[in-house]
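Asks: Those protein sequences? They're chains A and B, same order as listed.
In terms of the numbering used here, the first sequence opens at residue 31 and continues consecutively.
In terms of the numbering used here, the second sequence opens at residue 42 and continues consecutively.
Quick caveat, the hints were computed from the structure, so don't treat them as lab data.
Just to be clear, a hint being listed does not mean it is correct.
Said to hold, decoys possible - Keeping only pairs whose Cα atoms sit at most 25 Å apart, straight-line, the calculated BS3-like set for lysine-lysine is:
hint: 1; chain 1: B; residue 1: LYS43; chain 2: B; residue 2: LYS111
hint: 2; chain 1: B; residue 1: LYS97; chain 2: A; residue 2: LYS87
hint: 3; chain 1: B; residue 1: LYS108; chain 2: A; residue 2: LYS41
hint: 4; chain 1: B; residue 1: LYS97; chain 2: B; residue 2: LYS144
hint: 5; chain 1: B; residue 1: LYS97; chain 2: B; residue 2: LYS111
hint: 6; chain 1: B; residue 1: LYS144; chain 2: B; residue 2: LYS108
hint: 7; chain 1: B; residue 1: LYS97; chain 2: A; residue 2: LYS41
hint: 8; chain 1: B; residue 1: LYS97; chain 2: B; residue 2: LYS108
hint: 9; chain 1: B; residue 1: LYS43; chain 2: B; residue 2: LYS108
Claimed, not checked - Among the chain B residues that face chain A by a calculated CB cut under 8 Å, a handful are:
hint: 10; residue: MET89
hint: 11; residue: TYR90
hint: 12; residue: LYS97
hint: 13; residue: LEU129
hint: 14; residue: GLY133
The structure displayed is predicted, hence computed values, not measured ones.
Beta carbons are placed, not taken as given, at the ideal position from N, Cα and C, and that holds for glycine.
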Amino acid sequence: DTGVSQNPRHKITKRGQNVTFRCDPISEHNRLYWYRQTLGQGPEFLTYFQNEAQLEKSRLLSDRFSAERPKGSFSTLEIQRTEQGDSAMYLCASSLSDRPYGYTFGSGTRLTVV
Amino acid sequence: QKEVEQDPGPLSVPEGAIVSLNCTYSNSAFQYFMWYRQYSRKGPELLMYTYSSGNKEDGRFTAQVDKSSKYISLFIRDSQPSDSATYLCAMGLSGNTPLVFGKGTRLSVIA
């Protein structure tokens with residue numbers, strides 16, 4: 031197991047375009063989290079899944095954002111009609127529900143909206 | 042007031058120094074307290090995982106939690122240049138809510 035994998039590592043997109051990021055968690059981890067981090071800030075929670083169920087969404091997650099975790103394995107985060115304010119590092123983490131805060135993070139996807 | 046406050050630094054120390062990193066918080070319901078280390082352009086890496094009050098030691102790292110003061114600390118002994126990174130504190134409630142992170146403190150250990 032190589033840990034949490036995120037693709038792509040970098041994405042540059044024009045304002046108004048749609049983007050999709052993928053996260054592959056550690057295989058036995060049933061919880062998966064998405065966070066967003068901007069320069070000089072700590073990660074901010076976006077949403078999390080237990081298996082395929084999306085259990086919580088932050089109010090930061092506008093209706094332009096959608097996340098899925100079909101079959102409880104990998105997850106995708108889609109941003110529609112991107113805005114410059116969406117530029118950030120998008121981090122994915124996974125954990126076991128019996129050690130819920132033992133997050134393992136991926137290296138993130140850095141999004142730049144121009 | 043943010044739920045978790047952390048001085049962003051930067052903090053610069055000589056190699057071998059003892060480093061003290063701190064966070065305060067406002068929500069007395071937090072029960073879980075974590076420290077993560079984040080190198081540039083990488084995801085955070087879990088360093089210390091503690092529940093409730095008290096101390097926990099792991100090698101050169103010691104985490105302290107004082108719930109009465111709503112204050113947590115991370116001490117790094119015999120600091121090394123490889124410890125240069127951003128240190129994030131994070132806190133959780135019940136296990137079924139997501140972690141809340143501080144802003145992070147950027148640490149530089151100078152050889």
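Asks: So which hints don't hold here, by number, going up?
Replies: Of the numbered hints, 2, 3, 7, 10 and 12 do not hold.
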